[in-house]
Amino acid sequence: MKQPERHRHGYVDRRESIRLLTGFLAGSPLLLAQQDPFRDHSRIPSIDELIDVFDFEALAYEKLPRSAYNYTAYGAAGEFTLRRNREVFKWIELIPKGVVNVSSIDTTTEILGTRMNFPIMVAPTAGHTALHPSGEAGTHEGCTAAAETPMIVSHAASMPIEEIAASASGPIWVQLYPSPDIETNRKPLEKAQAAGARAVVVTVDQEAAFYERALHDRNLAGRRSRRIRRPRRDLNRYRIPVKRLWYEWKLFDQLRSFINMPMLAKGVLIAEDAKRCIEHGLDGIVVSNHGGRALDYSPSSLEVLPEIVDVVAGRVPVLIDSGFRRGSDILKALAFGASAVCLGRVPRWGLGAFGPPGAQRILEIVQAELVMAMAHSGRPTLASIDRSLVRADLP
Amino acid sequence: MARIGSLPAATLLIRAQRSPQIIGEPPGRIPPLDELVNSLEFEPVAQRKLDDAAFNAISGGNRSGFDHIVFRPRLMVNTQNLDLTTELFGDAMFTPILIGPASHQNRFHPEGELAMARGASAAQAAMVVADRSDHPVERIAAEAGGPLWYQAYPESDGHSLLSRIHKAVEAGCKAVCITVGTPYGQIGSNGYPRLSTLPPMGNPAFDWNYIDRIRRSVTAPLLLKGVMSAEEAKTAVKNGIQGIVVSNHGGGFVHGLAEPITVLPEIVDAVGGRAPVLVDGGFRRGSDVLKALIFGAKAVLISRPALWGLAAYGAEGVRTVVELLQTELARDLAMVGAANPQDLSRDFVKISRR
Ligand SMILES: Cc1cc2nc3c(=O)[nH]c(=O)nc-3n(C[C@H](O)[C@H](O)[C@H](O)COP(=O)(O)O)c2cc1C
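If you read the protein sequences in the order shown, they are chains A and B. Heads up, the first sequence is in our numbering, so the first residue is 72 and it goes up one at a time. Heads up, the second sequence is in our numbering, so the first residue is 31 and it goes up one at a time.
Check before you lean on any hint, since a few could be wrong.
Here are the simulated DSBU-like cross-link-like pairs (lysine-lysine), alpha carbons at most 35 Å apart as the crow flies [unchecked claim]:
hint	chain 1	residue 1	chain 2	residue 2
1	B	K268	B	K79
2	A	K258	A	K168
3	B	K264	B	K204
4	B	K197	B	K268
5	B	K328	A	K346
6	B	K380	B	K268
7	B	K268	A	K321
8	A	K134	A	K161
9	A	K161	A	K346
10	A	K321	B	K380
11	A	K314	A	K258
12	B	K380	A	K314
13	B	K380	A	K168
14	A	K168	A	K262
15	B	K268	B	K328
16	B	K328	B	K380
17	A	K346	A	K321
18	B	K328	A	K314
19	B	K380	A	K161
20	B	K328	B	K204
21	A	K134	A	K262
22	B	K79	B	K328
23	A	K258	A	K346
24	A	K346	B	K380
To give an idea of the interface, some chain A residues facing chain B are shown, with a C-beta separation under 7 Å as derived from the structure [as the list claims (entries may be wrong)]:
hint	residue
25	N141
26	Y145
27	A279
28	F281
29	E283
30	N290
31	A292
32	D305
33	L306
34	R310
35	W317
36	E319
37	L340
38	L366
39	P370
Keep in mind the hints are simulated off the structure, nothing from the lab. Think of the CB as a built atom: it goes at the ideal place given N, C-alpha and C, for glycine as much as any other residue.
Looking at chain A on its own, in the form it has when it is part of the complex (with noise of 0.2 Å):
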């Protein structure tokens, strides 16, 4: 506690020198160099022994390759964002009721034609197979299994999307990055339909994103060929890729012809866009910072949820993602408003830990914990669950 304040007062007593000198060999890498250098992968936990979803990113942790960690972890530039969308949820306390039957709890809910055992659903990630061989199919399968969780393919998914959706009976929806030749939206869009997505959620923010850490990777593994200033004809003259800085709200008129499904819009953050998005007839928002991959400095989706909800008005869904892990959590958008939560990281460490049995018991683990969290702060239903539950002090 004393340690900030030492350089300052100039000078350190006998006892805090002992304390920083067995501090320094603690910490010293000869003495770590002795140690028994397999001693972190001696025994690697069963599946049972898991209990929330923290435990499974350190068993990924220890069983990916590090690319497949971190490309999973990473967030946009410093990580701010990243950092503040798991700080909101301290800004956010829960009111609970204590005289209330609980006896059952009903989590099911419909959302645009899609019925769900629970408000949670897998956000849109990339190449699955880079966390397991068995890729986006395994991950289905385990989302089937954990009470039918409905799947958001990512366009960037690392299999066909037909294989995916055979590989289980879920409800799957598809994700889209639109391609400004409009035409060119047309084939993945037609193919999920085929292999019977219910929904397209497109997903227009990170027009700019950059990981930075990507950059660290690649360093130390020795690559460092590729220099960042060599022009290259998809950067503009700041040097940044303009592949996806053409985005306009008529991009949604002019994709409604060849769909249909319903069409949700991902990334939103502010009220304004929000009522945009409705009069350009979406049928859904997805508030989302990317998990803290788009924009650094974006606020965490969960503290401007509350004026998105506001500003909808329940004209359309509003689901939301970025930085939910816990039951809780989930409670706690769905007390603001909220339809559904996705989970982008979550089934990723799932599968990457123990493939689709760890991608079901992830969320199963999450589900349970919704019905824990609804059941201790007596709301037995969705419909129970409103703003009175949660005592908010928001930035």
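We have chain A; now place chain B with the ligand onto it with these hints.
Chain B with the ligand in isolation, oriented as in the chain A frame:
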């Protein structure tokens, strides 16, 4: 009574903490330039190149104010024609990022200001030449491809000051910043503070008349650097000053000075568009710069990051630091949903108590 710590190891530890080191990296390693990914990473490399005195002069910087400003990004804004061009006193600058003035740059690199000017030009950035430079302004100007400004301290001997300013303007400096609010040196720059050795650095008789005399004899636009209150900014503009640089001089002179980014909005309001408002102090990220632009600053000066680049890698380091910041700014501008700084407004941020 303060005592000196008795165990050398403890001292060692304290030193070790001041010298951030990448785990697994040999101490003192100077990584190849293209390994560095943001401006902050140049600081520890600079430290490995410099002695304590030189490094202390450019270490640190407070940017905690930026953590209380979050963006309100807008979607679906076409930014294909992203344009950061910034007009200042008739020059079209590539981006609103300038290299701020810093004295005696030979402390950081054998070629000092000459290397800095080369790096600045390579990154198409304007550079503010410090009054106390280790190279003559015309030599610096010969190295620079982009616009140069000049910075001067008000001195009792106004004549020599004026002749230096005239020389600088003749050498091509397009604007002149008079630094205010630094009568003494940096804390710790001259041993422990003692009253007997406090040489006034500036001019004790400094006042608006003095500034007026300079203004009337200098043809280039005159800016005041170090304005921290709306009140003083207003007075400055009323007295014919053509630009304001909000600055606390990097925070090294008095503990507890406000952070420039936090006083910027009220100063912009007070000036009301009558003169460009610039700002410096703690800018390390493109998002920091974007916040200043959102509050109405016309441009931002960065000093320490450029000096870290200079110390660590010479002109190429300066260029890389500035380019990294330009690129971050461009990314963030696109993602906040504006194609150019003129499209920004305070609706793009929210002040956060957290
Ligand atoms: C590794 C990774 C890959 C992602 N890939 C995509 C993608 O392909 N398409 C997309 O719309 N969002 C993608 N996202 C964002 C997620 O859909 C979601 O917004 C985010 O992960 C939610 O935050 P959480 O991870 O904290 O739950 C990705 C996120 C991660 C972590």
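Each hint tested on the structure:
no.	hint	verdict
1	K268/B - K79/B	violated (46 Å)
2	K258/A - K168/A	violated (51 Å)
3	K264/B - K204/B	holds (23 Å)
4	K197/B - K268/B	holds (27 Å)
5	K328/B - K346/A	holds (31 Å)
6	K380/B - K268/B	holds (31 Å)
7	K268/B - K321/A	violated (48 Å)
8	K134/A - K161/A	holds (30 Å)
9	K161/A - K346/A	holds (29 Å)
10	K321/A - K380/B	holds (28 Å)
11	K314/A - K258/A	holds (19 Å)
12	K380/B - K314/A	holds (28 Å)
13	K380/B - K168/A	holds (34 Å)
14	K168/A - K262/A	violated (48 Å)
15	K268/B - K328/B	holds (19 Å)
16	K328/B - K380/B	holds (20 Å)
17	K346/A - K321/A	holds (14 Å)
18	K328/B - K314/A	holds (28 Å)
19	K380/B - K161/A	holds (19 Å)
20	K328/B - K204/B	holds (16 Å)
21	K134/A - K262/A	holds (34 Å)
22	K79/B - K328/B	holds (34 Å)
23	K258/A - K346/A	holds (29 Å)
24	K346/A - K380/B	holds (19 Å)
25	N141	violated (14 Å)
26	Y145	violated (12 Å)
27	A279	holds (4 Å)
28	F281	holds (6 Å)
29	E283	holds (5 Å)
30	N290	holds (5 Å)
31	A292	violated (12 Å)
32	D305	violated (12 Å)
33	L306	violated (9 Å)
34	R310	holds (5 Å)
35	W317	holds (6 Å)
36	E319	holds (5 Å)
37	L340	holds (6 Å)
38	L366	holds (4 Å)
39	P370	holds (5 Å)
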